[in-house]
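Protein sequence lines, in the order shown, are assigned to chains A and B.
The first sequence runs 1 to 159 under our numbering.
The second sequence runs 1 to 187 under our numbering.
A couple of the hints might just be wrong.
No more than 30 Å apart at the CA atoms, straight line, and that leaves these computed lysine-lysine pairs for BS3-like [claimed, not checked]: (1) A:Lys76 - B:Lys64; (2) B:Lys169 - A:Lys13; (3) A:Lys69 - B:Lys64; (4) B:Lys169 - B:Lys185; (5) B:Lys64 - B:Lys185; (6) B:Lys185 - A:Lys6; (7) B:Lys88 - A:Lys76; (8) B:Lys181 - B:Lys88; (9) B:Lys181 - A:Lys13; (10) A:Lys69 - B:Lys169; (11) B:Lys55 - B:Lys88; (12) B:Lys64 - A:Lys6; (13) B:Lys55 - A:Lys76; (14) B:Lys169 - B:Lys55; (15) B:Lys64 - B:Lys181; (16) B:Lys181 - B:Lys169; (17) B:Lys88 - A:Lys6; (18) A:Lys69 - B:Lys181; (19) B:Lys64 - A:Lys13.
Partial list, computed: chain B residues near chain A (C-beta under 8 Å) [said to hold, decoys possible]: (20) Asp21; (21) Ser29; (22) Tyr36; (23) Leu140.
Beta-carbon label-pair distances, calculated as ranges [unchecked claim]: (24) B:Ser137 - A:Ile18: 44 to 54 Å; (25) A:Met156 - B:Ala10: 52 to 62 Å; (26) B:Ile83 - A:Arg96: 19 to 29 Å; (27) A:Ser142 - B:Glu66: 46 to 56 Å; (28) B:Thr4 - A:Glu147: 32 to 42 Å; (29) B:Lys55 - A:Tyr140: 23 to 33 Å; (30) A:Met41 - B:Ala10: 52 to 62 Å; (31) A:Pro115 - B:His61: 42 to 52 Å.
Bear in mind the hints are in silico, worked out from the structure with no lab data behind them.
Given the structure is predicted, the values throughout are model-derived calculations rather than measurements.
Note that the Cβ used here is the ideal one computed from N, Cα and C, for glycine as well.
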Amino acid sequence: MWNNLKCADCEEKLSDYIERSLSDDERSIVEQHLHSCSSCMELVSGMTHVMAAGREFPVHAPPAWLATKIVANTPKPLPSFRSRFASFWQSLGEPRTALAIFTAAIVMGWLGGGPVRQAVFNRAEGVVSCAYDHAIRSYYRSPVVIEIHSRLDQLMENS
Amino acid sequence: MGTTDAELLARCRNGDHVAWDMVVRLHHSRVYNFAYRYNGRFDEAEDLTQEIFLKVYRTLHTYKPELGAFETWLMRVSRNCIIDHYRKLKTERRQTDSLEGEHEQVAETGKRFSNPAEVLHHRELSERVHAALVRLSEDLREVLILRDLEGFAYEEIVEIVRVPIGTVKSRINRGRVEMAKMLRKEV
């Protein structure tokens, strides 16, 4: 098939010919065809030109702000529970936090007596029980829970 | 990819934003140029580069260093992003107007050629080649960009495009033939 190489067959081999990846025999057959075919010869010249133009293609500098914008738009990962826990303990050791805790203890001690302390505890208990009530109410009013309860009731009636 | 890159990527996977910043600055120019060469528009290349790096960040855990270089993986992600983007836009506009807005880049080219006539000639040649390139079919264009403009080896292109090496070689050859014919018609 190689002895009478047609232009279409030659075209298929041209990149290999230009990149010198043909065997010696194949190369000499392609060269024979090229010597006798000005059209294919012109094509080789054009392809070489295209490849050279590709190598010389200008490299454009991206805008200076692009990398910064990419990094800024990248979502930051959420810290793990362990790192948040470590961060909490670390914050306790900071002078400002330690001073605040120390001051609070002093003030509580200074206020001392029963009535004030009792008032603080009462207030705290009130807040906690209020939050608990709110959570319970939210739970029983949520559509999912109502739906589950109604289904359970239906099942019990059916059984 | 050197050891430094491998270390940077390991740090990125652990959520180190400084390492991510360095990875972006090391590779964004190549991705930007790849996107520009594919679409021929600077504004789109900017948007695509951002999109590509976000995708890279989200899928960083899927990169396996033992299966190939980071740059090859990065180019595969880039190529997939660009093709998705290109397919969305394909019906919206013709590609022949794709070299608009390139004028601000003359200064960049000018750095390499001191003679103004040479700058002009080179610029004209680049524009003609690029105009012919964006008229090629998607299959031919992507492998031609990877081979002749980006300088990847055939094996790397196989990794990026995920087609057999015979197909890659055949597409590259057909792309070059079509480009040569297009440029010949213009002369």
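Hints, verified against the model:
1. Simply put, A:Lys76 and B:Lys64 have alpha-carbon atoms about 22 Å apart, close enough for the 30 Å limit, and the pair holds.
2. Note on B:Lys169 and A:Lys13: the hinted pairing holds, with a Cα-Cα distance of about 10 Å set against a maximum of 30 Å.
3. In summary, the hint linking A:Lys69 to B:Lys64 is supported, as the alpha carbons are separated by about 27 Å, within the 30 Å threshold.
4. Among the hinted pairs, B:Lys169 with B:Lys185 is consistent with the structure: their alpha-carbon atoms are about 24 Å apart, no more than 30 Å.
5. At roughly 46 Å between alpha-carbon atoms, B:Lys64 and B:Lys185 are farther apart than 30 Å, so this suggested pair is violated.
6. Distance hint between B:Lys185 and A:Lys6 is fulfilled; the C-alpha atoms sit about 22 Å from each other, no more than 30 Å.
7. Taken as a hint, the B:Lys88 and A:Lys76 pair is honoured in the structure, with Cα atoms around 29 Å apart against an allowance of 30 Å.
8. With a CA separation close to 29 Å, the supplied pair B:Lys181 and B:Lys88 stays within the 30 Å bound.
9. Taken as a hint, the B:Lys181 and A:Lys13 pair is honoured in the structure, with Cα atoms around 16 Å apart against an allowance of 30 Å.
10. For the hint linking A:Lys69 to B:Lys169, the alpha-carbon distance of about 38 Å lies beyond 30 Å, and the restraint is violated.
11. The straight-line distance between the Cα atoms of B:Lys55 and B:Lys88 is roughly 17 Å, inside the 30 Å bound, and the hint therefore holds.
12. A hinted pair counts as satisfied when its Cα atoms are at most 30 Å apart, and B:Lys64 with A:Lys6 does not qualify at roughly 46 Å.
13. Between the alpha carbons of B:Lys55 and A:Lys76 the distance comes to roughly 14 Å, so the proposed pair stays at or under 30 Å and holds.
14. A hinted pair counts as satisfied when its Cα atoms are at most 30 Å apart, and B:Lys169 with B:Lys55 qualifies at roughly 29 Å.
15. At most 30 Å may separate the alpha-carbon atoms for a hinted pair to count; B:Lys64 and B:Lys181 exceed this at roughly 41 Å.
16. Between B:Lys181 and B:Lys169 the alpha-carbon distance is near 18 Å, which keeps this suggested pair within the 30 Å criterion.
17. Restraint check for B:Lys88 and A:Lys6: the C-alpha separation of about 40 Å exceeds 30 Å, so the hint is violated.
18. For a cut-off of 30 Å, the pair hint linking A:Lys69 to B:Lys181 is broken: about 41 Å separates their Cα positions.
19. Distance restraint check for B:Lys64 and A:Lys13: the Cα-Cα separation of roughly 36 Å exceeds the 30 Å cut-off, and the hinted pair is therefore not satisfied.
20. A cut of 8 Å between beta carbons decides the hint on B:Asp21: the least distance to chain A is about 5 Å, and the hint holds.
21. The restraint placing B:Ser29 at the interface with chain A holds, with a minimum CB-CB distance near 5 Å, inside the 8 Å limit.
22. Restraint check, B:Tyr36 versus chain A: the minimum CB separation of about 6 Å is within 8 Å; hint holds.
23. At its closest, the beta carbon of B:Leu140 sits 12 Å from a beta carbon of chain A; the interface hint therefore is violated under the 8 Å criterion.
24. Range check, B:Ser137 to A:Ile18: Cβ separation about 21 Å, and the 44 to 54 Å hint is violated.
25. The given range of 52 to 62 Å is respected by A:Met156 and B:Ala10, whose C-beta atoms sit roughly 57 Å from each other.
26. For B:Ile83 and A:Arg96, the hinted distance range of 19 to 29 Å is not satisfied, since their beta carbons lie about 54 Å from each other.
27. Taken as a hint, the range 46 to 56 Å holds for the pair A:Ser142 and B:Glu66, whose Cβ atoms sit roughly 49 Å apart.
28. Separated by about 57 Å at the C-beta atoms, B:Thr4 and A:Glu147 break the suggested range of 32 to 42 Å.
29. Checking the proposed 23 to 33 Å range against B:Lys55 and A:Tyr140 shows it is violated: the Cβ atoms sit about 45 Å from each other.
30. In this structure, A:Met41 and B:Ala10 meet the distance hint of 52 to 62 Å, their C-beta atoms being roughly 53 Å apart.
31. Separated by about 59 Å at the C-beta atoms, A:Pro115 and B:His61 break the suggested range of 42 to 52 Å.
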